[in-house]
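> So the protein lines, in turn, are chains A and B.
Position 253 of the first sequence, counted from 1, bears residue number 313 in the working numbering, the numbering being contiguous throughout.
Position 9 of the second sequence, counted from 1, bears residue number 69 in the working numbering, the numbering being contiguous throughout.
Derived from the structure by calculation, the hints contain no laboratory data.
For glycine and all other residues, C-beta sits at the position ideal for the given N, C-alpha and C.
Take the hints with a grain of salt, since some may be wrong.
Pairs of lysine-lysine, DSS-like flavour, derived with a Cα cap of 27 Å [stated by the list, open to error]:
no., chain 1, residue 1, chain 2, residue 2
1, B, Lys-178, B, Lys-195
2, B, Lys-171, A, Lys-289
3, A, Lys-289, A, Lys-102
4, A, Lys-178, B, Lys-289
5, A, Lys-195, A, Lys-178
6, A, Lys-88, A, Lys-102
7, B, Lys-178, B, Lys-134
8, A, Lys-289, B, Lys-102
9, B, Lys-195, B, Lys-102
10, B, Lys-102, B, Lys-289
11, B, Lys-88, B, Lys-316
12, B, Lys-289, A, Lys-171
Listed below are several chain B residues computed to face chain A (Cβ distance under 10 Å; list not exhaustive) [unchecked claim]:
no., residue
13, Gly-90
14, Thr-216
15, Gln-226
16, Gly-228
17, Trp-241
18, Trp-267
19, Ile-286
20, Asp-287
21, Leu-288
Protein chains: 2
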Amino acid sequence: MSERVLSMNLATLRGAWGLAEAVEGCLKQGITTISPWRDQIKAVGMEEARRIIAANGMRVASLCRGGMFVADTKAERQSALDDNRQAIDEAAEIGAGCLVLVVGGLPPSSKDLNESRKVVAEGLAAILPHARAAKVPLAVEPLHPMYAADRACINTIDQGLDLCEQLGDGVGIVIDAYHTWWDPNLAAAIARAGRMGRILGHHISDWLVPMRDMLLDRGMMGDGVIDLKAFRAMIEQAGYQGPQEVEIFSRDNWWKRPGDDVVRIALERFNTVC
Amino acid sequence: MSERVLSMNLATLRGAWGLAEAVEGCLKQGITTISPWRDQIKAVGMEEARRIIAANGMRVASLCRGGMFVADTKAERQSALDDNRQAIDEAAEIGAGCLVLVVGGLPPSSKDLNESRKVVAEGLAAILPHARAAKVPLAVEPLHPMYAADRACINTIDQGLDLCEQLGDGVGIVIDAYHTWWDPNLAAAIARAGRMGRILGHHISDWLVPMRDMLLDRGMMGDGVIDLKAFRAMIEQAGYQGPQEVEIFSRDNWWKRPGDDVVRIALERFNTVC
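In isolation and in its complexed conformation, chain A is listed as follows (with noise of 0.2 Å):
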């Protein structure tokens, strides 16, 4: 059997510590590979995150993260594809397996969610070429469809494969357990993205009842009421031998907490209940 390797997406460490303190904070308890996010990038500059990233030997499993396509006029369309461009050359730049991407929901003006779908199909093949030229393949995340408003219309697994199939190869997925748990055809869904040679990244934490925010109060692996080691079999069954990311959106818990202790306790929950 091969090790399991968590990946940390920095997002877990927002809370404590910037790109250079999760490094080392990450590094201290043996955790070599992270997904960063641009702000974070961006907060240190392009050069000096190289800089960290190299010195420390570091693997990038993802960039955080592109998409938003969704926009009410054309302007703001032509400017996210812009963005989404930038962010591709960002994840080459540092390495990174992969541009995660949040497609977007519904611009402020529409309540057409099936329009907003075919925006954001349109979106990613603006942008395919440009990523299949920086070797950055593009992974697509399905959220809990309790985002399906403001900030993603893609919200299962299924969907997610239909668009791979729709653009061809340099597109992917990344499944979360947070957001896609509860689907009735989790099982074949994961399995036909295994066939499909799609699975790009997996997210992990934990979905707490009661939750107090829906977009900051994840909860820690073990702490809620996810099947995590079943997900992982199901993950494993279709073939990914990638990285298990740990990110956590925790305002009033774990982004309270000292970096370190939030280091220790991922890893320890990662051996234990993941």
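Guided by the hints, dock chain B onto chain A, whose structure is given.
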């Protein structure tokens, strides 16, 4: 074109009124179809509830609600079945068109949604003979996936219809716009429900952005992002001719307003944006 009928789910008026006041308040503005909740019946007693309904010539679209089949112990599951049979009797006593069921999510000790789904199917099968004998159709309500853990493990229209196929006559579904609007398969699922003749109810409200509470911050029609006219077109296309039922849980807004205002505004919105 037949006249559209608004049914008032009495949860919408819960903040201001009990059964008697709600019936009076609805009648005053010409609403003659309602769906009461069991606790609202219990608060006045079944005999008085029947009298209020009959004396005012109210049509009862449904009784809310039964369900909650999942539990950790056999004794608790049995108790849930007994309670559901009691709810069926109550629905028959007030002449309700159906009994709405919120089926239950995960019991405290389980992380296995598929097991919950099996328990729900078994529970429905167990109470179905009683429902058929009482001539009370069982109306399974697929709830939004954000309630999978704590309220309902049936989260899409298609899942509900699969249950109907499995169980045979006497079971249908309620299609609630708030719970289902995000579904990428929405149009096909509603059409399938129509072909199967299983649409027992259609609930309306709106999805607010931002939403402040996952349970108690539903919006009045027109205040959110759901295209309710497009939704109605699909429902009518599927052959459904029953009432559209306004069901709004809104602890900090609509439940704090005078009942007369809630009824008036619901009627206005029903006539303009639904």
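> If any of the earlier hints don't hold here, list their numbers in rising order.
Checked against the structure, the hints that fail are numbers 3, 8, 10, 13, 15, 16, while the rest are satisfied.
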